[in-house]
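Residue-level listing of the chains:
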Amino acid sequence: MAAALPAGAPPADSTGRPGHDTWPSALVRWLFIAVSLAFLAALLIAPVATVFAMALAHGFEAYLTSFADPDTLAAIRLTLITAAVVVPVNTVFGLAAAWAIAKFEFRGKSVLITLIDLPLAISPVISGMVFVLLFGLHGWFGVWLQRHDISIIFALPGIMLATMFVTFPYVARELIPLMQQLGNDEEEAAITLGAGGWMTFFRVTLPRIRWGLLYGVILSNARAMGEFGAVSVVSGHIRGLTNTMPLHIEILYNEYNFVGAFAVASLLTLLAGLTLVVKNLVERTGYRGR
Amino acid sequence: MSFRKPSVLPGFGLTLGFTTFFLSAIVLLPLAALVLAAGSMHWSEFVAVVSSARALGSYRLSFGASALAASINVVFGFILAWTLVRYEFPGRKLIDALIDLPFALPTAVSGIALTTVFAQHGWIGRYLEPLGVRIAYTWLGVTLALTLISMPFAVRALQPALLEVQRDLEDAAETLGATRFYTFRRVILPTVLPALLTGFTLAFARAVGEYGSVIFIAGNLPMKTEITPLLIVIHLEQFDYRGAAALGVVMLLMSFAVLLTINLLQAWGRRRHVRAAH
Amino acid sequence: MSITLEQITKRYGGVPVVNDVSLHIGDGEFFVLLGPSGSGKSTLLRAIAGLTAVDHGRIALHGRDVTRVAARKRGVGLVFQNYALFRHMTVADNIEFALRVRHMRARRRRERRQELLRLVSLVGLDDRLPAQLSGGQQQRVAVARALAHEPEVLLLDEPFGALDAKIREELRRTIREVQRELGITTVLVTHDQEEAFAMADRIGIMNLGRLLESGAPHELYSRPATRFVATFLGAANLFLARSSAGSIQLGAATVAAGEPPSDAREHEVVAVVRPEEVAVAATRAALGPAFVGAGVVDEMVFSGALERLRVRLENGAAAPLLATADGAAATCLEVTRTQHEQRAFALRAGQSVAIGVRRVHVLPTPLSSFAACAASAPEAETLARQPLLAELAARMKTRIAVRCEPQLGAAGERTAADAPFVGATVIASEAGAAQRAAWLLERGASEVLVLPAQAAEPQRVLIHWLDEAARAATLAVSASVLRHVPAEAVYVGILPEETRAAPRRHGLRWLLEARSEAQAVHGLEMRTELRFGEVAQELARRLAEAPGEMLIVGVSDLERFAERFGALLDGGRWPVLIVHRAARGTVGASP
Numbered sequence: 000m001a002a003a004l005p006a007g008a009p010p011a012d013s014t015g016r017p018g019h020d021t022w023p024s025a026l027v028r029w030l031f032i033a034v035s036l037a038f039l040a041a042l043l044i045a046p047v048a049t050v051f052a053m054a055l056a057h058g059f060e061a062y063l064t065s066f067a068d069p070d071t072l073a074a075i076r077l078t079l080i081t082a083a084v085v086v087p088v089n090t091v092f093g094l095a096a097a098w099a100i101a102k103f104e105f106r107g108k109s110v111l112i113t114l115i116d117l118p119l120a121i122s123p124v125i126s127g128m129v130f131v132l133l134f135g136l137h138g139w140f141g142v143w144l145q146r147h148d149i150s151i152i153f154a155l156p157g158i159m160l161a162t163m164f165v166t167f168p169y170v171a172r173e174l175i176p177l178m179q180q181l182g183n184d185e186e187e188a189a190i191t192l193g194a195g196g197w198m199t200f201f202r203v204t205l206p207r208i209r210w211g212l213l214y215g216v217i218l219s220n221a222r223a224m225g226e227f228g229a230v231s232v233v234s235g236h237i238r239g240l241t242n243t244m245p246l247h248i249e250i251l252y253n254e255y256n257f258v259g260a261f262a263v264a265s266l267l268t269l270l271a272g273l274t275l276v277v278k279n280l281v282e283r284t285g286y287r288g289r
Numbered sequence: 000m001s002f003r004k005p006s007v008l009p010g011f012g013l014t015l016g017f018t019t020f021f022l023s024a025i026v027l028l029p030l031a032a033l034v035l036a037a038g039s040m041h042w043s044e045f046v047a048v049v050s051s052a053r054a055l056g057s058y059r060l061s062f063g064a065s066a067l068a069a070s071i072n073v074v075f076g077f078i079l080a081w082t083l084v085r086y087e088f089p090g091r092k093l094i095d096a097l098i099d100l101p102f103a104l105p106t107a108v109s110g111i112a113l114t115t116v117f118a119q120h121g122w123i124g125r126y127l128e129p130l131g132v133r134i135a136y137t138w139l140g141v142t143l144a145l146t147l148i149s150m151p152f153a154v155r156a157l158q159p160a161l162l163e164v165q166r167d168l169e170d171a172a173e174t175l176g177a178t179r180f181y182t183f184r185r186v187i188l189p190t191v192l193p194a195l196l197t198g199f200t201l202a203f204a205r206a207v208g209e210y211g212s213v214i215f216i217a218g219n220l221p222m223k224t225e226i227t228p229l230l231i232v233i234h235l236e237q238f239d240y241r242g243a244a245a246l247g248v249v250m251l252l253m254s255f256a257v258l259l260t261i262n263l264l265q266a267w268g269r270r271r272h273v274r275a276a277h
Numbered sequence: 000m001s002i003t004l005e006q007i008t009k010r011y012g013g014v015p016v017v018n019d020v021s022l023h024i025g026d027g028e029f030f031v032l033l034g035p036s037g038s039g040k041s042t043l044l045r046a047i048a049g050l051t052a053v054d055h056g057r058i059a060l061h062g063r064d065v066t067r068v069a070a071r072k073r074g075v076g077l078v079f080q081n082y083a084l085f086r087h088m089t090v091a092d093n094i095e096f097a098l099r100v101r102h103m104r105a106r107r108r109r110e111r112r113q114e115l116l117r118l119v120s121l122v123g124l125d126d127r128l129p130a131q132l133s134g135g136q137q138q139r140v141a142v143a144r145a146l147a148h149e150p151e152v153l154l155l156d157e158p159f160g161a162l163d164a165k166i167r168e169e170l171r172r173t174i175r176e177v178q179r180e181l182g183i184t185t186v187l188v189t190h191d192q193e194e195a196f197a198m199a200d201r202i203g204i205m206n207l208g209r210l211l212e213s214g215a216p217h218e219l220y221s222r223p224a225t226r227f228v229a230t231f232l233g234a235a236n237l238f239l240a241r242s243s244a245g246s247i248q249l250g251a252a253t254v255a256a257g258e259p260p261s262d263a264r265e266h267e268v269v270a271v272v273r274p275e276e277v278a279v280a281a282t283r284a285a286l287g288p289a290f291v292g293a294g295v296v297d298e299m300v301f302s303g304a305l306e307r308l309r310v311r312l313e314n315g316a317a318a319p320l321l322a323t324a325d326g327a328a329a330t331c332l333e334v335t336r337t338q339h340e341q342r343a344f345a346l347r348a349g350q351s352v353a354i355g356v357r358r359v360h361v362l363p364t365p366l367s368s369f370a371a372c373a374a375s376a377p378e379a380e381t382l383a384r385q386p387l388l389a390e391l392a393a394r395m396k397t398r399i400a401v402r403c404e405p406q407l408g409a410a411g412e413r414t415a416a417d418a419p420f421v422g423a424t425v426i427a428s429e430a431g432a433a434q435r436a437a438w439l440l441e442r443g444a445s446e447v448l449v450l451p452a453q454a455a456e457p458q459r460v461l462i463h464w465l466d467e468a469a470r471a472a473t474l475a476v477s478a479s480v481l482r483h484v485p486a487e488a489v490y491v492g493i494l495p496e497e498t499r500a501a502p503r504r505h506g507l508r509w510l511l512e513a514r515s516e517a518q519a520v521h522g523l524e525m526r527t528e529l530r531f532g533e534v535a536q537e538l539a540r541r542l543a544e545a546p547g548e549m550l551i552v553g554v555s556d557l558e559r560f561a562e563r564f565g566a567l568l569d570g571g572r573w574p575v576l577i578v579h580r581a582a583r584g585t586v587g588a589s590p
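Chains as they are written, first to last, in numbering that gives the first Met the number 0: chain A, 0 to 289; chain B, 0 to 277; chain C, 0 to 590.
No wet-lab data here; the hints were simulated from the structure.
A couple of the hints might just be wrong.
With the Cβ distance kept under 8 Å, some of the chain B side facing chain A (calculated, not the full set) [what the hints assert, rightly or not]: (1) Ser6; (2) Leu30; (3) Thr106; (4) Arg179; (5) Met222; (6) Lys223; (7) Leu252; (8) Ser254; (9) Val257.
Just the calculated beta-carbon pair ranges, DEER-fashion [claimed, not checked]: (10) C:Ser515 - B:Pro189: 49 to 55 Å; (11) A:Val91 - B:Ala256: 31 to 37 Å; (12) A:Ile250 - B:Lys223: 23 to 29 Å; (13) C:Pro377 - B:Phe88: 40 to 46 Å; (14) B:Phe20 - A:Leu155: 49 to 55 Å; (15) B:Pro189 - C:Asp26: 37 to 43 Å; (16) A:Phe59 - B:Lys223: 49 to 55 Å; (17) C:Arg63 - A:Arg28: 28 to 34 Å.
C-beta: ideal position from N, C-alpha, C; glycine also.
Hey, can you work out the whole structure from these sequences and the hints?
Okay, structure coming up:
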């Protein structure tokens, strides 16, 4: 639920009142602000600053050099390939689910919404494990797969499936409330004017939801690239082959290669920062308030 | 009553069919595999796995630390949400945007960064060390990591509720003679109570399942700093799929219980806000 | 308990939303603050409650200054439009809230609660939650809650806004009964004039942050002082008429004035004719001296007890008609007729009739209309479209005539102008404006507005008069302007430089007298400033100090006018309204 709420709502009108500009309320005010800032500084700002401080601990050159490691490059490549497959699939799913749920009234709708949200409530470890149980050596299809020499677990398909499982609600849950709020009037008008279904979607619906869609895609992408628990279970941690960026961070960190670990971490942190920037830009376009 | 209300819009069959198929293939089928794998165990075997001393120790840590983290987030989340909703100060918008950072930041990154900051020689850890407080590699560290990753859930649940507390309610209380503190205690707090509980539950749900950030900062000592998801991973690494599935089912049941609680809480909150028709 | 407000001003972002409001509400009085939304009435109510701090002024409850006292110590009860009940508390807990705060014993609380529930007729609903009550019941609970701690003032902020008509009626009656029974001083805010009439002992009408008029409902209805009140309170037909000793000339017809005119000279005035004061007859003879013209029935609407007509005036009789309250085109008169009148003379649409007026009320406003004046017609028309002028005319519900004076500003013999200058004459602020203003003033224009093309709505109106003879007129014109712009009024007193050292006292007294006259005669609150130096220079300096200033200056002596005011008028960036009244005893310039 967290990311679906708009940030940056303005504070309520705080006009002074008689008898209110006394020291206790001023004290409470400053105490609250100070506590808030201290809490965020310790929990958020210090760790993020550490990422960059550690990555640059041996200078900018060492930082750049750390990316020359073939294993690191392989991890980045694998992450990009995974995201390139998972994100479009999730986008198509999200659009289809949002269209079905937001545009129509049917029985079992709330059950469907709950099921779509399910992966958010499940531990990522379990999300990975279910695929091991299906496709792993001792899993349901394990023997069959081995006989046909198809590897899913400890290989790229497993990583993609686990990532898909974990990230697939994001586009849908960004779009459903938006499309519900926008209503059906314009689409119905287009259909009664003779437009076909696809034309209505591309010419009427899509332009109105594009900002919400963009944020859903960006968020889905950030979660896909950063997923650790689920991927960790299915990847097998084969260096240079099945290590995504977060898994590679773990290996480098455990080898005390801090510059390398934090260098990769800094890329993912920048991605997270970019996601937040997009979120705020999207909210500033005011697509929710219309 | 038919399955759906009629509509002139096309694409219902296509989109609903695709949604249901994809959902079944990616989510429901694999989850069914989990339940079946656990179900294939003998009952006594199942009980032995899920109630072993090591498992019980991991529940204690996972659920205890998650509850503690969620409580911390309710308190600080309330302060943060209040500050963001009620006060204007330089950097407010930036802070508001930063709240979502733990949500977008990969858990592995949060994990190594928090560990570094709170380690013995870290930026903050070095000041806690002389006080005898050790955070990294203890249950405190686990709590800290869980607090970080579940923080946005608590704040974002509270913010709209606080925005919605009508200024009129406070005005009414004030004209009736209540002090600011009395108004806070008797009017504001009860009004946002459903949101507070929802925030707690959401934060708790997110924290219980967390894996990535915790394994770096926890020492991962069995019985002491080993969380349940880690125990599942250990079972998997030993190819004890059924043991892993059994623990997975326990956690899954927990997730469902939490989901149910959230739905009930939200229904409660809505009911209190329903106004009689004019 | 009485409520006294003195010069209350509240600004949001520099714009006054409550502008210099002074008011006294007597003990036990039911006072209704009436105005359109955004007029500042709710803000004023919140200021009385102590929920909003005021930027200027003083609030006293029964003589006790509470301006800086917190709301919870003021002893007022406040009822909100959306009830603002505590939704997690039962009806009983809501009502007892103020008593718990005051640590009243449980038994005493229960007794008081029962008493209040009886008062608002909700006995037996103690244990309900607000969500289980209807809107009307919730508002009754809110009233009971606001009365629990026996406040001495009850404030109601649009309490019926969210209720439907029938419930509204009932609740109105309940509140009026409760108020009478308790004898509690009550202030109700509403935008509904019918509600105001039904409930008020006295009504105060607000617009643009100012309290325009206050008085008993029938007083305000029959003798409004301002165009806004005349049209906001009931329907009104506004005419431009000419007033001369004892009679009012409406177009071609002359009718007797309802009240003796305040100004003996012949001048243009705004006359109000209520729809029920219009007489309709078959022939002119049937109307006698009340006849004003012929017309055709345009539209007839049956509305129960009354019949509403729209009658189009014909043959130039419509010329003096100004827009009606609903902004309809100014060719039709609104008329209402009783069943009795309908039976006496049945009408159908399209029928020609003779029209008369039974009673005319002349507004004491000195600004009747505007005339945009320039040397050529296109210039004059451009000037007439100036946004500030257009806005002002729309708010004053008056018209802007276009007048071409080819000789405007040219030197030469004074000749009697072919048509007299009526209303305020508007000229553009550019080089030579002072010369043109002098030319107009000498030819009988009594108000000249010098308007820059870019002038925006003023935030502050500076007022000054050079001679005592012009004082009364300047104040009247200022009051009229200030009713139509949300600006602050500042009287600028200017004394010669050489008096800076000594006769301060004289200057101060002058200022205070000006202020109290403005207050007493026009209900206009103004701030005062004292400056030293040469008048025109000081005024120019003062105008340049801040953007958004406007000047109203009164003169009676036109000697060397253009020379003295050149600096102020020739291409100034601010609007200047010159009010000219010749000193008594000297020969006027008018023809």
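Checked hints:
1. Taking 8 Å as the C-beta contact cut-off toward chain A, the hint placing Ser6 (chain B) at the interface holds, the least distance being around 6 Å.
2. This hint holds: Leu30 (chain B) has a C-beta 6 Å from the nearest C-beta of chain A, less than the 8 Å allowed.
3. Using the Cβ-Cβ criterion of 8 Å, the hint placing Thr106 (chain B) at the interface with chain A is satisfied: the shortest such distance is roughly 5 Å.
4. Look at Arg179 (chain B): its Cβ gets to within about 6 Å of chain A, closer than 8 Å, so that hint holds up.
5. Below 8 Å, beta-carbon pairs count as interface contacts, and Met222 (chain B) has none with chain A, the closest being about 19 Å; its hint is therefore violated.
6. Taken as an interface hint, Lys223 (chain B) does not check out: its beta carbon lies about 19 Å from the nearest beta carbon of chain A, beyond 8 Å.
7. The restraint placing Leu252 (chain B) at the interface with chain A is violated, with a minimum CB-CB distance near 11 Å, outside the 8 Å limit.
8. This hint holds: Ser254 (chain B) has a C-beta 5 Å from the nearest C-beta of chain A, less than the 8 Å allowed.
9. Evaluation of the Val257 (chain B) hint against chain A yields a held restraint, the C-beta minimum of about 7 Å falling below 8 Å.
10. Separated by about 53 Å at the C-beta atoms, Ser515 (chain C) and Pro189 (chain B) satisfy the suggested range of 49 to 55 Å.
11. Between Val91 (chain A) and Ala256 (chain B) the beta carbons are some 33 Å apart, a value that agrees with the proposed interval 31 to 37 Å.
12. In this structure the hint that Ile250 (chain A) and Lys223 (chain B) lie 23 to 29 Å apart at CB holds, the actual value being about 25 Å.
13. Pro377 (chain C) and Phe88 (chain B) have their C-beta atoms about 56 Å apart, which leaves the hinted 40 to 46 Å range violated.
14. At about 23 Å, the CB distance of Phe20 (chain B) to Leu155 (chain A) disagrees with the hint of 49 to 55 Å.
15. The hinted range of 37 to 43 Å is satisfied by Pro189 (chain B) and Asp26 (chain C), whose Cβ atoms lie roughly 38 Å apart.
16. For the hinted restraint 49 to 55 Å between Phe59 (chain A) and Lys223 (chain B), the CB-CB distance of approximately 40 Å leaves it violated.
17. Taking 28 to 34 Å as the suggested C-beta distance range, the pair Arg63 (chain C) and Arg28 (chain A) conforms, at roughly 30 Å.
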